[in-house]
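**Student:** Kindly generate the complete structure, drawing on both the sequences and the hints.
The listed protein sequences derive, respectively, from chains F, P and R. First residue of the first sequence? That's 1 in the numbering used here, and the numbers climb one at a time after it. First residue of the second sequence? That's 1 in the numbering used here, and the numbers climb one at a time after it. First residue of the third sequence? That's 1 in the numbering used here, and the numbers climb one at a time after it.
Any given hint might turn out to be false.
As the list claims (entries may be wrong) - Subject to a maximum C-alpha distance of 20 Å in a straight line, what follows is the list of computed DMTMM-like cross-link-like pairs (lysine to aspartate or glutamate):
| id | chain 1 | residue 1 | chain 2 | residue 2 |
| --- | --- | --- | --- | --- |
| 1 | R | K185 | R | D26 |
| 2 | F | K36 | R | E145 |
| 3 | R | K242 | R | E263 |
| 4 | P | K129 | R | E78 |
| 5 | F | K44 | R | E145 |
| 6 | P | K142 | P | D198 |
| 7 | F | K44 | F | E230 |
| 8 | R | K185 | F | E164 |
| 9 | P | K157 | P | D186 |
| 10 | R | K242 | R | D26 |
| 11 | R | K242 | R | E78 |
| 12 | P | K36 | P | E82 |
| 13 | P | K213 | P | D198 |
| 14 | P | K145 | P | E215 |
| 15 | R | K242 | F | D245 |
Derived by calculation from the structure, the hints in this document are not laboratory data. The model shown is predicted, which means the values in this text are computed figures rather than measured ones.
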Amino acid sequence: MGYGARITRERMSGTDIIVYGILLAALALVFLTYGKIVFDIVMKGIGFVDWGYLTEDPRMSGRAGGVFPIIVSTLWVLSIAVVVAVPISLAIAIFVTEYLSPFSTLSRIFRLSMLILASVPSIAFGLFGATFFAQYLGFGTSILTGGLTLAIMVIPICAFAFEEVFRLLPTGYRNGAFALGARKARFIFFILIPASATDIITVVLLGTGRALAETAALLFTSGYSDRMPESIFDPGRVLSIHIYDLSMGIPGGDRMASASAILLIGLFLIISSVGIFFSRKAKT
Amino acid sequence: MLVERTITEQMSEPATARPDPALQANGITVSLNGRKLLRDVSLSVQPNEIMAIIGPSGCGKTTFLTTLNRMIHHTLPAATVEGDIVLNGRRVFPSDENPADLRCRIAMIFQRPNPFPFSIRMNMEFALKAAGDRDKASYPDKIEKNLRAVNLWDALKDRLNDTATSLSGGEQQRLCIARALLSGPDVVLFDEPCSALDPISSTAVEELISELKTERSIVIVTHNLAQAARISDHCAFFFSEDGSGRLMELGPTDQIMNHPRQETTRAYVNGEVC
Amino acid sequence: MTNPQVSAAPALSRAHRPLGSGVTFDGVLRVALAIAFGFACIIVLVVAFVILQGAAPALAQISWARFLTDPDWHPMVEMYNMTPMLVGSVLTSIGALVLATPVSLAIAAACNFYLNPLAASIYRRILFVMAAMPTVIFGFWGLTEVVPFLGQIKAPGVSLLAGVLILALMIIPTTALLIDVAFSKLPRQLLNGAYALGASRAQTCFTMACVVVRRAIFSAALLGLGRALGETIVVVMVTGNKAALPTSIFDPIRTLTANVTLEIGYAAPLHTATLFLSILILFMIATGLALLVYKLNFNDNTQVDV
Numbered sequence: 001m002g003y004g005a006r007i008t009r010e011r012m013s014g015t016d017i018i019v020y021g022i023l024l025a026a027l028a029l030v031f032l033t034y035g036k037i038v039f040d041i042v043m044k045g046i047g048f049v050d051w052g053y054l055t056e057d058p059r060m061s062g063r064a065g066g067v068f069p070i071i072v073s074t075l076w077v078l079s080i081a082v083v084v085a086v087p088i089s090l091a092i093a094i095f096v097t098e099y100l101s102p103f104s105t106l107s108r109i110f111r112l113s114m115l116i117l118a119s120v121p122s123i124a125f126g127l128f129g130a131t132f133f134a135q136y137l138g139f140g141t142s143i144l145t146g147g148l149t150l151a152i153m154v155i156p157i158c159a160f161a162f163e164e165v166f167r168l169l170p171t172g173y174r175n176g177a178f179a180l181g182a183r184k185a186r187f188i189f190f191i192l193i194p195a196s197a198t199d200i201i202t203v204v205l206l207g208t209g210r211a212l213a214e215t216a217a218l219l220f221t222s223g224y225s226d227r228m229p230e231s232i233f234d235p236g237r238v239l240s241i242h243i244y245d246l247s248m249g250i251p252g253g254d255r256m257a258s259a260s261a262i263l264l265i266g267l268f269l270i271i272s273s274v275g276i277f278f279s280r281k282a283k284t
Numbered sequence: 001m002l003v004e005r006t007i008t009e010q011m012s013e014p015a016t017a018r019p020d021p022a023l024q025a026n027g028i029t030v031s032l033n034g035r036k037l038l039r040d041v042s043l044s045v046q047p048n049e050i051m052a053i054i055g056p057s058g059c060g061k062t063t064f065l066t067t068l069n070r071m072i073h074h075t076l077p078a079a080t081v082e083g084d085i086v087l088n089g090r091r092v093f094p095s096d097e098n099p100a101d102l103r104c105r106i107a108m109i110f111q112r113p114n115p116f117p118f119s120i121r122m123n124m125e126f127a128l129k130a131a132g133d134r135d136k137a138s139y140p141d142k143i144e145k146n147l148r149a150v151n152l153w154d155a156l157k158d159r160l161n162d163t164a165t166s167l168s169g170g171e172q173q174r175l176c177i178a179r180a181l182l183s184g185p186d187v188v189l190f191d192e193p194c195s196a197l198d199p200i201s202s203t204a205v206e207e208l209i210s211e212l213k214t215e216r217s218i219v220i221v222t223h224n225l226a227q228a229a230r231i232s233d234h235c236a237f238f239f240s241e242d243g244s245g246r247l248m249e250l251g252p253t254d255q256i257m258n259h260p261r262q263e264t265t266r267a268y269v270n271g272e273v274c
Numbered sequence: 001m002t003n004p005q006v007s008a009a010p011a012l013s014r015a016h017r018p019l020g021s022g023v024t025f026d027g028v029l030r031v032a033l034a035i036a037f038g039f040a041c042i043i044v045l046v047v048a049f050v051i052l053q054g055a056a057p058a059l060a061q062i063s064w065a066r067f068l069t070d071p072d073w074h075p076m077v078e079m080y081n082m083t084p085m086l087v088g089s090v091l092t093s094i095g096a097l098v099l100a101t102p103v104s105l106a107i108a109a110a111c112n113f114y115l116n117p118l119a120a121s122i123y124r125r126i127l128f129v130m131a132a133m134p135t136v137i138f139g140f141w142g143l144t145e146v147v148p149f150l151g152q153i154k155a156p157g158v159s160l161l162a163g164v165l166i167l168a169l170m171i172i173p174t175t176a177l178l179i180d181v182a183f184s185k186l187p188r189q190l191l192n193g194a195y196a197l198g199a200s201r202a203q204t205c206f207t208m209a210c211v212v213v214r215r216a217i218f219s220a221a222l223l224g225l226g227r228a229l230g231e232t233i234v235v236v237m238v239t240g241n242k243a244a245l246p247t248s249i250f251d252p253i254r255t256l257t258a259n260v261t262l263e264i265g266y267a268a269p270l271h272t273a274t275l276f277l278s279i280l281i282l283f284m285i286a287t288g289l290a291l292l293v294y295k296l297n298f299n300d301n302t303q304v305d306v
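**Tutor:** Next up, the structure:
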């Protein structure tokens, strides 16, 4: 990106100024639209977000009351997704970087299947989860089913990102560890993972953000029930579904939906900015 | 099983002085995707001597060095190695032994210092644990002894918890040497250890290498002929023929530098080939 | 793995004693990691199989042609014409793609060739956050702000156009960032070479850089298309969900994904199977797009972020 600074000192020609104007207009339009999305939602719902909203149960299908059970369900679903997806995708990425050559057939199969998995529509995962976890495995419509379905969706994203992180490990660390007589396991647990720790946190948060953003896959898996879940085998409504249901299904639910949208955006921004804070790329 | 093995070890361990040579490589040929990087290299290293490997770039010096402690499995995973390697009278390649164990006995120092991004103490402890040392109570003593051996103890004794990467390049390289010595290796391999260092650090590392030979053998790859002349006892001159590295000439350093038998060796030490 | 009898047992191997006969921790770890890897490789097949199995009754009992030639979509009375939904899905996603790609290209070009590095990096950060923003937020904003606005121009407001606009907003960050990465990986000598020939920035960017990274631009567009095609919540919220062919961009439409969301709750078995079938179609399209992206990016053994 260094050349940017060098170029801006040159004088721009006539066409350049016109092109610059057009590009800036596109840039500004997109930027302002995103700003307006957040602004509109905040202005509409901020009056409803208070301590009671966070701690009370919803009343009248969510037209009144709070969202406490919904926050609890959201956190449960997220936790299950992350707890299941992160170790599996770490293991996948370690196997691919440490035991396979990047050009081997198995590596290619891995990349292709992760790419397909990452492009499959989330609603397909919803149907898969509702059939496989809820029916075949008998978990029913529950927080567990929703969490596992999200885990399947998040695994390709995390595995890809972890693979990139591990490939960026300086070769000196690798050679140094093996030249000291370290076995693979020691290298993995005492060099590879600790040396990539901050990047691993970034990837975990990236995956969490992705899971938090999901709605369609959860419609058929974790359910609509806005009651407080008593265990992970109970259904539970997550924030995104609450917003969807209030704005689509409940007449007059818009304002309370805005309040929930503020919570969702807030939670999402916190996770994203902590992720950006930990990323090595952002620091350099 | 463990007991049996210990007995085997004791029986096979020679009781008195080591038989020479310390390290012997016979007919080493390395091929990568059908191309021979090294062809039929045989050389032996005596106990307590420094063997310098010299030669132009791309003649397989580093490849040869990495075959000696089988690091080549990591640096060139697709390469195949033929020939055999004998360490102190015991064949270590080909062998069923885990290469990781071999690397505790044949240590290696790289061109660029490569301390791990942890504290100095953790760098040293990693090496002890990797070498299978479970006697944690003895760690501080061993760390001190080895940092003293590389003349870093006085500078670092109060900073053991500092990140190793905050040290200067020369200090980092000496730390890496100390780290490699913790397993008590019989042979230490150096791959151009001074090429990434400034002249002062370079001299310090060079002097250190000369001191190290009192207790072990050393093989050093270097581009610096003056360095080879200063510290080595024997020199091996590698040269690339038809794309494959070969050992052209082997002899006492004085002979290689001043009275080489081969024409290519003479041309190289006189700076006519690079 | 190591056979202690044969391995000439160097003195220092004591810590690496086998866990049982010949079993080492390294070996166990390797097997565990390999299992996870195997899981990763078959999960896509398992997902495909489950959906195929769900769609099997429909494939067995209803002939292919009927999905296109039946008079209407009325699964209750065994009419299975999916054309309106197919057309709805294709129109919304292609429309979003046509709108989003030039804008994304403009953003990526501005960030790499015009903006100063600080502004560019702030803008990238914003795009990075928006790329992962929950889609329900876009849908909700579309429903409460864009739809009433369009309704003033031409009723009812929920329409193909609303879907296209919101989907475009949703995929712009993804495509813009992918193109941006491709631009920023261009070798500096290449750019310097163009400037040294006296090329203006516009010439350097649009006649040289864009040509060099055309594969990346194409695959960014494909990935954006995939996201738009698979999106569910946004289209359910803003397109009106009317299962009929649109005559103008202000008409409501229904996509395949919306169809599944709306009907699966009360569908009879054969009806459910047709819904699985429509997802199977999307699954296959997504796989096709992924294969294309893979061919474009991984064939020459170079890594490209996706």
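**Student:** For each hint given before, does the structure comply? Return the numbers of the non-compliant ones in rising order.
**Tutor:** Of the numbered hints, 1, 4, 6, 7, 9, 10, 13 do not hold.
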